[in-house]
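Just so you know, the sequences run in chain order Y and S. The numbering of the first sequence is our numbering, which starts it at 513 and goes up by one. The numbering of the second sequence is our numbering, which starts it at 407 and goes up by one.
Read the hints as simulated data drawn from the structure, not as lab findings. Each hint should be verified, as a subset may be incorrect.
[Stated by the list, open to error] Below are the PhoX-like pairs computed for lysine-lysine, each with C-alpha atoms no more than 25 Å apart in a straight line:
no., chain 1, residue 1, chain 2, residue 2
1, Y, Lys574, Y, Lys667
2, S, Lys590, Y, Lys574
3, S, Lys556, S, Lys502
4, S, Lys467, Y, Lys691
5, S, Lys458, S, Lys530
6, S, Lys536, S, Lys560
7, Y, Lys691, S, Lys593
8, S, Lys502, S, Lys530
9, S, Lys454, Y, Lys669
10, S, Lys593, Y, Lys669
11, S, Lys454, Y, Lys652
12, S, Lys483, S, Lys493
13, S, Lys536, Y, Lys691
14, S, Lys454, S, Lys593
15, Y, Lys691, S, Lys578
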Amino acid sequence: MAEMNTDDGGGGKKKHGKKRAKKSSTRIDMTPMVDLGFLLLTFFILTTTFNKPQAMQLTMPKKDENIPLEDQSKVPADHTMNVLLTKDNTVYWYFGMADPTKGALPALNKATYGPNGLRKVLIAENNKRHRAYDEIEKLKNDVATGKMPKDSLGKKKGDFFSDKTRKTSILVVLLKPDKDAKYKNIVDALDEMAICNIGTYALLEANDVENQMIANAQTYQ
Amino acid sequence: MPKNSPSIDMTPMVDLAFLLVTFFMLISQFRAEEAAVIDIPSSVSDLKIPEKDLLMILVDKQDRVFFNLTGKEERVKVLEKIGEKYKVVFSDDQKKEFSNMASFGVPVNQLPAYLNAGSTDRKKLAEQSKGIPIDSLNCEICDWIYFSRKTAPKFRVAIKGDQVTSYPVVRKVMNYLQDDNIGKVNKFNLITNMETGPSN
Numbered sequence: 513m514a515e516m517n518t519d520d521g522g523g524g525k526k527k528h529g530k531k532r533a534k535k536s537s538t539r540i541d542m543t544p545m546v547d548l549g550f551l552l553l554t555f556f557i558l559t560t561t562f563n564k565p566q567a568m569q570l571t572m573p574k575k576d577e578n579i580p581l582e583d584q585s586k587v588p589a590d591h592t593m594n595v596l597l598t599k600d601n602t603v604y605w606y607f608g609m610a611d612p613t614k615g616a617l618p619a620l621n622k623a624t625y626g627p628n629g630l631r632k633v634l635i636a637e638n639n640k641r642h643r644a645y646d647e648i649e650k651l652k653n654d655v656a657t658g659k660m661p662k663d664s665l666g667k668k669k670g671d672f673f674s675d676k677t678r679k680t681s682i683l684v685v686l687l688k689p690d691k692d693a694k695y696k697n698i699v700d701a702l703d704e705m706a707i708c709n710i711g712t713y714a715l716l717e718a719n720d721v722e723n724q725m726i727a728n729a730q731t732y733q
Numbered sequence: 407m408p409k410n411s412p413s414i415d416m417t418p419m420v421d422l423a424f425l426l427v428t429f430f431m432l433i434s435q436f437r438a439e440e441a442a443v444i445d446i447p448s449s450v451s452d453l454k455i456p457e458k459d460l461l462m463i464l465v466d467k468q469d470r471v472f473f474n475l476t477g478k479e480e481r482v483k484v485l486e487k488i489g490e491k492y493k494v495v496f497s498d499d500q501k502k503e504f505s506n507m508a509s510f511g512v513p514v515n516q517l518p519a520y521l522n523a524g525s526t527d528r529k530k531l532a533e534q535s536k537g538i539p540i541d542s543l544n545c546e547i548c549d550w551i552y553f554s555r556k557t558a559p560k561f562r563v564a565i566k567g568d569q570v571t572s573y574p575v576v577r578k579v580m581n582y583l584q585d586d587n588i589g590k591v592n593k594f595n596l597i598t599n600m601e602t603g604p605s606n
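Modelling step: build the complete structure from the supplied sequences, incorporating the hints.
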């Protein structure tokens, strides 16, 4: 390509005289160019960011202290799973409500994040109530196989959870990080909500009773 | 060069190299250097975060809070309002510098020095800084949020936290964001890395 032969055709070899000098002078040494090329290549490869970060949407309930107590959404205790997030990537969970004035405190169950910990429990509990996990998984499958457009997944999910027969008996998960929880734990827990198809969940804070329960569990384990 | 030298024809290689150079030049975007190194957690969420119109609050490993806002004009406007409130006068050069940089995490009274500093000095200042104050008594982040929300109410709000950031700090910032008198935001975007599926 870089070799430019000004001689006419292939008959060059038979000619005499300055042929040799001409040939060597038109050949360019491309090594520096290659060096530069690869230098730039390396630079651009290293500075490029391919994967842009994703975002996880989190909608918090509007803060309004003026709502009277009767109007605040109440959740039946036996469908409420409290997940306490604490240090060392550990979670404790219990059902119902921890109120020392109403009998003994519920026992805490310990779990870890990941497929064999919290996820197993959440899927099992979600399936106990209207087989919610399996039903939503079916919808997700329909989207994956192209049977259903992706846009309608959100609505179908909403319809499933707000159906009159299910609305009051569906699993509700309350995530309650304590003061030792790390940001990663919250993201992981919210992630589990998405993976386990939990329809209703809220991000709250551990109260004093729960903090005490965590402390007790950590001492006696 | 001897005539039958064992030199290789490098032309195809050069072609390829420059093709790749062109490719990377065209697709790469340079990002302004962030003041904080943040190792973000991963999630299965596949929602793309917009690059424009974003109000971002960063919390790093040491629980220091940083602030970032996209849009040069908006940044200058917010800076002017902050200057008014804290009685700090910013020069035009400082305003320009502020509009060009990425996130920052210094209190307002250190901001002029931070803007004047060169890149190495700035790094040092950023390392020494304790982040933007989030104490309820001296809540500078509240003012940044408040003025940003006033200037650019349509901007999305994103939170970028490190994996080991302690949650109460993030919660505090979220409380300010939610507060009716400060941010009035109830929808957050938590910035995460892509995770390929339900696995751990």
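Exercise. Looking at the structure, which of the earlier hints fail to hold?
Worked result: 5, 6
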